[in-house]
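There are 2 protein chains.
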Amino acid sequence: MSVTAAQGFRAAGVTAGLKASGTPDLALVVNDGPRHTAAAVFTTNRVVGAPVMWSRQAVKDGAARAVVLNSGGANVCTGPGGFQDAHATAEAVAEALGIGAIDVLVASTGLIGVRLAAEKLVAGVPVAAGSLADDDAAGTAAATAIMTTDTVPKTAVRTIETPDGTVTVGGMAKGAGMLAPALATMLCVITTDADVDPAAADAALRSATRETFDRVDSDGAMSTSDTVVLMASGASGATPEPAALTAAVTAVCADLARQLVADAEGASHEIAITVTNATTEDAALAVARAVSRSNLVKAAIFGNDPNWGRILSQVGTVSEEVAPFDPLELDVSVNGVMVCKAGGAHESPDKVDLGASRGVDITVDLHAGDAEVTLWTNDLTHAYVHENSAYSS
Amino acid sequence: MSVTAAQGFRAAGVTAGLKASGTPDLALVVNDGPRHTAAAVFTTNRVVGAPVMWSRQAVKDGAARAVVLNSGGANVCTGPGGFQDAHATAEAVAEALGIGAIDVLVASTGLIGVRLAAEKLVAGVPVAAGSLADDDAAGTAAATAIMTTDTVPKTAVRTIETPDGTVTVGGMAKGAGMLAPALATMLCVITTDADVDPAAADAALRSATRETFDRVDSDGAMSTSDTVVLMASGASGATPEPAALTAAVTAVCADLARQLVADAEGASHEIAITVTNATTEDAALAVARAVSRSNLVKAAIFGNDPNWGRILSQVGTVSEEVAPFDPLELDVSVNGVMVCKAGGAHESPDKVDLGASRGVDITVDLHAGDAEVTLWTNDLTHAYVHENSAYSS
Chain A
1 MSVTAAQGFR
11 AAGVTAGLKA
21 SGTPDLALVV
31 NDGPRHTAAA
41 VFTTNRVVGA
51 PVMWSRQAVK
61 DGAARAVVLN
71 SGGANVCTGP
81 GGFQDAHATA
91 EAVAEALGIG
101 AIDVLVASTG
111 LIGVRLAAEK
121 LVAGVPVAAG
131 SLADDDAAGT
141 AAATAIMTTD
151 TVPKTAVRTI
161 ETPDGTVTVG
171 GMAKGAGMLA
181 PALATMLCVI
191 TTDADVDPAA
201 ADAALRSATR
211 ETFDRVDSDG
221 AMSTSDTVVL
231 MASGASGATP
241 EPAALTAAVT
251 AVCADLARQL
261 VADAEGASHE
271 IAITVTNATT
281 EDAALAVARA
291 VSRSNLVKAA
301 IFGNDPNWGR
311 ILSQVGTVSE
321 EVAPFDPLEL
331 DVSVNGVMVC
341 KAGGAHESPD
351 KVDLGASRGV
361 DITVDLHAGD
371 AEVTLWTNDL
381 THAYVHENSA
391 YSS
Chain B
1001 MSVTAAQGFR
1011 AAGVTAGLKA
1021 SGTPDLALVV
1031 NDGPRHTAAA
1041 VFTTNRVVGA
1051 PVMWSRQAVK
1061 DGAARAVVLN
1071 SGGANVCTGP
1081 GGFQDAHATA
1091 EAVAEALGIG
1101 AIDVLVASTG
1111 LIGVRLAAEK
1121 LVAGVPVAAG
1131 SLADDDAAGT
1141 AAATAIMTTD
1151 TVPKTAVRTI
1161 ETPDGTVTVG
1171 GMAKGAGMLA
1181 PALATMLCVI
1191 TTDADVDPAA
1201 ADAALRSATR
1211 ETFDRVDSDG
1221 AMSTSDTVVL
1231 MASGASGATP
1241 EPAALTAAVT
1251 AVCADLARQL
1261 VADAEGASHE
1271 IAITVTNATT
1281 EDAALAVARA
1291 VSRSNLVKAA
1301 IFGNDPNWGR
1311 ILSQVGTVSE
1321 EVAPFDPLEL
1331 DVSVNGVMVC
1341 KAGGAHESPD
1351 KVDLGASRGV
1361 DITVDLHAGD
1371 AEVTLWTNDL
1381 THAYVHENSA
1391 YSS
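Chains as they are written, first to last, in our numbering: chain A, 1 to 393; chain B, 1001 to 1393.
One or more of the hints may lead you astray.
[Said to hold, decoys possible] Pair by pair, the computed Cβ-Cβ distance ranges are:
#	chain 1	residue 1	chain 2	residue 2	range
1	B	D1061	A	A383	50 to 56 Å
2	B	V1152	A	S357	39 to 45 Å
3	B	A1243	A	Q57	39 to 45 Å
4	B	A1356	A	Q84	35 to 41 Å
5	A	M338	B	T1274	24 to 30 Å
6	A	Q84	B	E1321	29 to 35 Å
7	A	F83	B	S1348	20 to 26 Å
8	B	V1152	A	G336	38 to 44 Å
9	A	V322	B	G1079	23 to 29 Å
10	A	K351	B	V1152	36 to 42 Å
11	A	T44	B	V1152	42 to 48 Å
12	B	A1356	A	G62	52 to 58 Å
In short, the hints are calculated from the structure, not lab data.
Positions of the beta carbon are idealized from the N, C-alpha and C atoms, including for glycine.
All chains, full assembly: derive it from the sequences and hints.
This is the structure in structure tokens:
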């Protein structure tokens, strides 16, 4: 179950021929209403792709009837011609569905700096429109068509019980590596049959991404194409409480974010960095981010070495203005073993078994307040270097 | 020629037995005067080793007669006992030389979180004192004894002509990997026979490190032990102009910094990232730093791929407040080939040959002002992952 789990949505995933591999590369998600509420969050990178430029404008009125997504080309740094390609894609969807182009969002992923095979993309749109369906298979086909170096399609579904009936929230995402702050390199479409207005959708989406995708930092890189779209059809006839909607959208995003980390390029460990007892959430996040950015920490985890000295060294790089703490009070635990207490050696690192599973829990206790944050990252492996040096992407 | 090039200095490098390998691990540099001017710059990490705590206090009066340095243990996160070890080392030097311990600076490098074999270190001090000499061989021995994963000792010498005669500035450094902002993981001792006071020495050293070691960023990690010491003996009887002294100290630091980058753990390319036409030097540095921190850029260079999309994507992560520029005006050249012009593809990346030499020049033109900065980094290689995952350090 995916973007077709909620009532009022159809999806398709087809092969337009953008990828040399010949695998599916064009996805379409359509909101059949009765409402056409939409909200979106984009990369904060100042260098953005033409699809982001287009979609930012298209979603401004809080409405969208369709999202068209492609892999096999990011359409970034492609100049005015690239923007025309994005526009032409929206027009092709509008013509195939009998709607206005301004109600069509566009999202692309792939290599930067190269023009898309736009004629193939435009020709593929009617094929996608012709295979739209509201069943599981269609949702999975869409999730598969947006994959790049992903090894599996990523989908998630949650439901909300309301006095007026059940509301469903479903989603799909792609992304593996280049997962970074203020959105991973990823495309994500979330659908719901909740009967909500644009303001409610926007509030729920922003809260959800801040606590999920923004806390995934695979390799510190921030993409030029990150796009998360939420569409609401109102087809359930039920309006959940704002907090319930936010919770369900957050749960779907969290589920998808975990799947992104688990499928990150070349990783052998998923690392959860929890910073506890910080003065503020921002302070905790800054410390967690400093640890997650360390190649030395990440390479040590790859080598199954709970090297707390490298962790402490990263914690110490955060300025006192950002995160007040006493370096001589820091505790570090790895998989529950407190290897560092009060800034010095404590339990033996030999007690930590990092080879047993992919999951690694690093906890840094600042002893400075009561705020806590968990950030997700991966280890640094030979496979990461290989994947990112052996071919352009 | 190294720390013994300037008049008034003796040095030694011996084996105290701290390293399992049995290679030299204890260095001593002594200033025989007539002046004993000293200045030092330390890591800005909030987690610092006991030697840094000791030496910060010892150098406060602007005077020092000796620096004792060891590899085979960083003495970081070792609690009050570790501080006693650093103090005992200074006392041992003071006793061997007949001076006060407060005139002895201590610097250590090696694994964090483990107590030093302090008894071996203290026992080694008289041996080092007994082999002090003012010749080239003694300078090289000291430079060799501070090596950890370095493959070669690093030394540099410059001279200044003054009306009162020639002034010499010499130095040695260790460090390979963990080269980062606000000092690399490294120990560096610079000696000069200039007749200068502590304020002049301090000003020259701070200016030099800001423009050299602070612009080396091998892997974004900041050590807990970084120490750069400048000692002036006054033995030449000549006092150079402040600008001349700064220039010579900067030249020695720049030479050593380049040697550190060239010897960085597992690197196959040395990358010079130059950001031109920025509004300010800080803006240029922030953009260069963003590019240098990207594992995707660094892995691409390892793969001999001049992937300008990844470079532009990193440039775009710098906020407009920090570095004003128009993303649609950015040019990127790699080894002199302008692969990106005005934010889009320009000359073919095929024209760039990254396999021909270790040196890579990346230039980003912001078209926003007239400030320029060059930052040095390395590529991300299989060897880096291997070195930093296969053993604790």
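Going through the hints against the structure:
1. Against the hinted window of 50 to 56 Å, the Cβ-Cβ separation of B/D1061 and A/A383 comes to about 53 Å, which satisfies the hint.
2. Taking 39 to 45 Å as the suggested C-beta distance range, the pair B/V1152 and A/S357 conforms, at roughly 41 Å.
3. Roughly 55 Å separates the CB atoms of B/A1243 and A/Q57, a value that falls outside the hinted 39 to 45 Å.
4. Checked against the hint of 35 to 41 Å, the pair B/A1356 and A/Q84 passes, with Cβ atoms roughly 39 Å apart.
5. Between A/M338 and B/T1274 the beta carbon distance is about 45 Å. The supplied range of 24 to 30 Å is therefore violated.
6. Restraint check, A/Q84 to B/E1321: a C-beta distance of roughly 32 Å satisfies the suggested window 29 to 35 Å.
7. The given range of 20 to 26 Å is respected by A/F83 and B/S1348, whose C-beta atoms sit roughly 23 Å from each other.
8. Taking 38 to 44 Å as the suggested C-beta distance range, the pair B/V1152 and A/G336 conforms, at roughly 43 Å.
9. Separated by about 26 Å at the C-beta atoms, A/V322 and B/G1079 satisfy the suggested range of 23 to 29 Å.
10. Between A/K351 and B/V1152 the C-beta distance comes to about 38 Å, which sits within the given range of 36 to 42 Å.
11. For the pair A/T44 and B/V1152, the beta carbons lie near 43 Å from each other, so the given range of 42 to 48 Å is met.
12. About 55 Å separates the C-beta atoms of B/A1356 and A/G62, a value consistent with the hinted range of 52 to 58 Å.
Checked against the numbered hints given earlier, the structure breaks hints 3, 5 and satisfies all the rest.
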